[in-house]
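Undergrad: Which chain is which? The protein sequence lines are A and B, in order. Using this note's numbering, the first residue of the first sequence is number 1, and each one after it goes up by one. Using this note's numbering, the first residue of the second sequence is number 471, and each one after it goes up by one.
Keep in mind that a hint or two might mislead.
As a list, the in silico EDC-like pairs of lysine to aspartate or glutamate whose alpha-carbon atoms are at most 16 Å apart [unchecked claim]:
hint	chain 1	residue 1	chain 2	residue 2
1	B	Lys473	A	Glu94
2	A	Lys3	B	Glu484
3	B	Lys473	B	Glu484
4	B	Lys591	B	Glu673
5	B	Lys473	A	Asp141
Distance ranges between label pairs, derived from CB positions [claimed, not checked]:
hint	chain 1	residue 1	chain 2	residue 2	range
6	B	Leu496	A	Lys241	55 to 61 Å
7	A	Lys106	B	Glu564	52 to 58 Å
8	A	Thr37	B	Pro619	25 to 31 Å
9	A	Lys106	B	Leu588	35 to 41 Å
10	A	Leu4	B	Lys737	47 to 53 Å
11	A	Ser171	B	Pro619	27 to 33 Å
Because the hints were derived from the structure by calculation, they are not lab data. Where a beta carbon is used, it is the ideal one built from N, C-alpha and C, also for glycine.
2 protein chains.
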Amino acid sequence: MRKLGRVLRQQDWEITLTLVEQDCLLRIVDVEPGDVTRHRFGLAIDVGTTSVVVHLVDLIDGRVVEVASSYNAQISCGEDVISRIIYAQKGGLEELHQKVISTINKLIAQLAEKSGILSDKLEEVVAAGNTTMTHLLLGIDPANIRRDPYIPTAAYFPLICAAELGIKVNSRAPLYCVPCVASYIGGDITAGVLRSEMYKSDELCLFIDIGTNGEIVLGNRDWLVAASCSAGPAFEGGGVKCGMRAMTGAIEQIAINRQHYEPEFIKVIGGGKPSGICGSGIIDALAGLFLAGVVDRKGKINGELKSPRIRCHEGVAEYVLVWAKESLTQADIVLTELDIDNLIRAKGAMYAGFRVLLNQMGLDFEQLDRFLIAGGLGNYLNIESAVVIGLLPDIPYDRFEYLGNSSVIGAHLALLSSKLRQEGERIAGSMTNIELSVSLDFMEEYTSALFLPHTDFKAFPTVAQLMNKA
Amino acid sequence: MRKLGRVLRQQDWEITLTLVEQDCLLRIVDVEPGDVTRHRFGLAIDVGTTSVVVHLVDLIDGRVVEVASSYNAQISCGEDVISRIIYAQKGGLEELHQKVISTINKLIAQLAEKSGILSDKLEEVVAAGNTTMTHLLLGIDPANIRRDPYIPTAAYFPLICAAELGIKVNSRAPLYCVPCVASYIGGDITAGVLRSEMYKSDELCLFIDIGTNGEIVLGNRDWLVAASCSAGPAFEGGGVKCGMRAMTGAIEQIAINRQHYEPEFIKVIGGGKPSGICGSGIIDALAGLFLAGVVDRKGKINGELKSPRIRCHEGVAEYVLVWAKESLTQADIVLTELDIDNLIRAKGAMYAGFRVLLNQMGLDFEQLDRFLIAGGLGNYLNIESAVVIGLLPDIPYDRFEYLGNSSVIGAHLALLSSKLRQEGERIAGSMTNIELSVSLDFMEEYTSALFLPHTDFKAFPTVAQLMNKA
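Let the hints inform the model, and build the full structure from the sequences given.
TA: Right, here's the structure in full:
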């Protein structure tokens, strides 16, 4: 309204109104002189526990104009959602809130610089994050998320002015948060299901998002069940001695020779010397070491094999992936038995989650038509390696699909279409959350999964074949 | 939502939700633990060009808990709306906006101190002001108000968060601005008509608000016409040599003896020595001097009368109301011929306005059932004096009614009742604005009214009687 008098007269009473639907009403977000309908922009944001990814989207043709991503500045307050919730409870709520807002603003500034599109031109924002991240984004106390009976303050969030939170976009731009399902099934998963289109598929789909928390959704157009299992940070490089996130210097692919136990092929992100190993590399390494017989089914390193790479350091057996002289850090890059224990627990939790959800619905892996893999890890994951270690089930490889960062793509879809936004709300409302932490079935499945690839070797016929090849 | 998780559990899931209707939806403004429905508060604000008046209102029983008022800090940028608009055009819009907001916040702080009610407990705000004041309150450029064809940017204003303007109330409290009719018929007049109830009266009413601008509304339940005439600041003490606003030290009542031309009775606001004379005192003085024969029908002082109070100073005839030794300022308090000229022009403009509106509708003063007087001046105005000088028409005195500050009372009503708010919107929408500045009829009526009481003496029979008494 402040601009109205001037803007109306600026191009002889020709104006462009930007309208946004809110509570079944159309709201005016901006008024500009002349016809500028060809240039409308918005933001889709994946608010991850570790990383924040922003798509600058052209609202007219739907294309991604520019992408920016960075670590979530909240990392300094704790690596996973539980430690963030505890930090918030100790008086750090406002700090956590400000940290994610400043992370987003930093990315908006980068996007503005790269694209030349001023932040004032950003007229709509859609954010998808897990339930804790969404609470912290909005400055809502997440304490009840980890208190029995695990009920978040909200799962659906009202449309508010992004500027009210300090997000530096058009002062009237609304912020839509993709709705959550439960304390540990957040808006990122709703967005992922939206992006996967499994909610309208006739085929039986299993969607997984591998991160610090592993979320699993099973179903099709008629029904959806979801569960979350705390896989631990191993797949993001956490809890692993030489682990690191998938960034420059990380080993993302590796193979182990079965005769002389030497690494055969190492691919480093960025192409330089390695400084550590990220999730997909860790999975490759463990699979390779297992097939080579360096690691047994219980995850123990065979110390009797003759290789300088197999050794014991401070009482813990380890395998040297890269010698100090070839490493950027000038220290050996190793995978230890403790790392392998963490990895087995992580993959065991995920696999047990798949099984419990399938059991609940009276289904088996064979009946899955599509197995959809989301998460940053998914972009580099070697399916064979993941099956060898028993992270993924041994089903025909063509049933696996990579979705990429399905959270930001789902947010992008919700930004472009109010119909898809409603679809997301319907998805969140209809998804049944199964609490694994109280499931006896889960404990049993989990225990069975603490072997490579699994206690039940018959469930992994192709792994047996691969082992026999050697 | 930020409070929800905590508040829900604080008194065993018993909460009080504060809901506000907006665009036909109920919006949650606050959530508090337990049943606190007995204590709800809001603010009704009259944003005047000269003064800002705030009522702290108990929303449950409707009573005024506390009142605060002060000058509008914008006065330093100009005394009337035209000079404020010019100031805004010269880059002072933001300053004017901030000044009225800081005035309101100062009053809110005073109310909090007097009542013990924290500003966070103020859950709703209704403001009424003239069109320019409403624009400046919202930070909207008022430039087009004084540009032909005199169309304000808006007459109806969307409900916004008061906090968005920096008003220090509950961060979710909505601000409702009473709608305006035209550039010079503002929300204060809509509020006044609401308070007068003329919009539902079977009787023919004429409502006037005497201030720097004089606004007039004529009508009943079936129709309403309105006009504004720039009376000038004389009735607020402006443009008068010893004039001042109705505050401590101002002469508010005065009578003149017809034999010896001495002042007989002087009432000073606050009871001390006078330092000047305010609107109601000026009207009394002029009426008294006219009836005593000191001032003639053209407004000229009769220099031949024998009184030390009648003199000529720097070529201008004047009458000494108070000698220097009895004045707080230790200077004579006088009424000059130039002051009288200004007064006659001011009262002539008001009276011409009444006539034009009546003429337009084919009506005469006799047909008026009620004559409603609003504005700060109305609280002290001596009806007889106002009729003697021809500011008010010579109709039976019992048809005159004082309404007090009808703007703040109307805002108070709109604060308590969404039905009355809608009624106000209906009133603003149905009122026909008549532009006097382009009316030939007005110029003719105005010229005829530049006499005491009027060119047409027959229209003022009781004034003739009063003159004959002497």
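Undergrad: Are the Cα positions of Lys473/B and Glu484/B separated by 16 Å at most?
TA: holds, 14 Å
Undergrad: With the threshold set at 16 Å, check whether the alpha-carbon distance from Lys473/B to Asp141/A stays at or below it.
TA: It holds: about 8 Å lies between the C-alpha atoms, which stays within 16 Å.
Undergrad: Tell me if the straight-line CA distance from Lys591/B to Glu673/B falls inside 16 Å.
TA: Violated. Lys591/B to Glu673/B sits at ~41 Å, over the 16 Å cutoff.
Undergrad: Using the C-beta atoms of Thr37/A and Pro619/B, is the stated range 25 to 31 Å upheld?
TA: holds, 29 Å
Undergrad: Can the suggested window of 52 to 58 Å be confirmed for the beta-carbon pair Lys106/A and Glu564/B?
TA: Given about 28 Å between the Cβ atoms, the range is violated.
Undergrad: Can you confirm whether the C-alpha distance between Lys473/B and Glu94/A stays at or below 16 Å?
TA: holds, 13 Å
Undergrad: Is the hinted range of 47 to 53 Å satisfied by the C-beta distance from Leu4/A to Lys737/B?
TA: holds, 49 Å
Undergrad: Note whether the CB distance of Lys106/A and Leu588/B lies within 35 to 41 Å or breaks it.
TA: Holds: the Cβ-Cβ distance is about 36 Å, inside 35 to 41 Å.
Undergrad: Is the straight-line distance between the alpha-carbon of Lys3/A and that of Glu484/B 16 Å or less?
TA: Violated, at roughly 44 Å.
Undergrad: Are Ser171/A and Pro619/B spaced within 27 to 33 Å by their CB atoms?
TA: Check passed, 30 Å falls within 27 to 33 Å.
Undergrad: The hint says 55 to 61 Å between Leu496/B and Lys241/A; measuring C-beta to C-beta, is that right?
TA: holds, 57 Å
Checked against the numbered hints given earlier, this structure breaks hints 2, 4 and 7; the rest are met.
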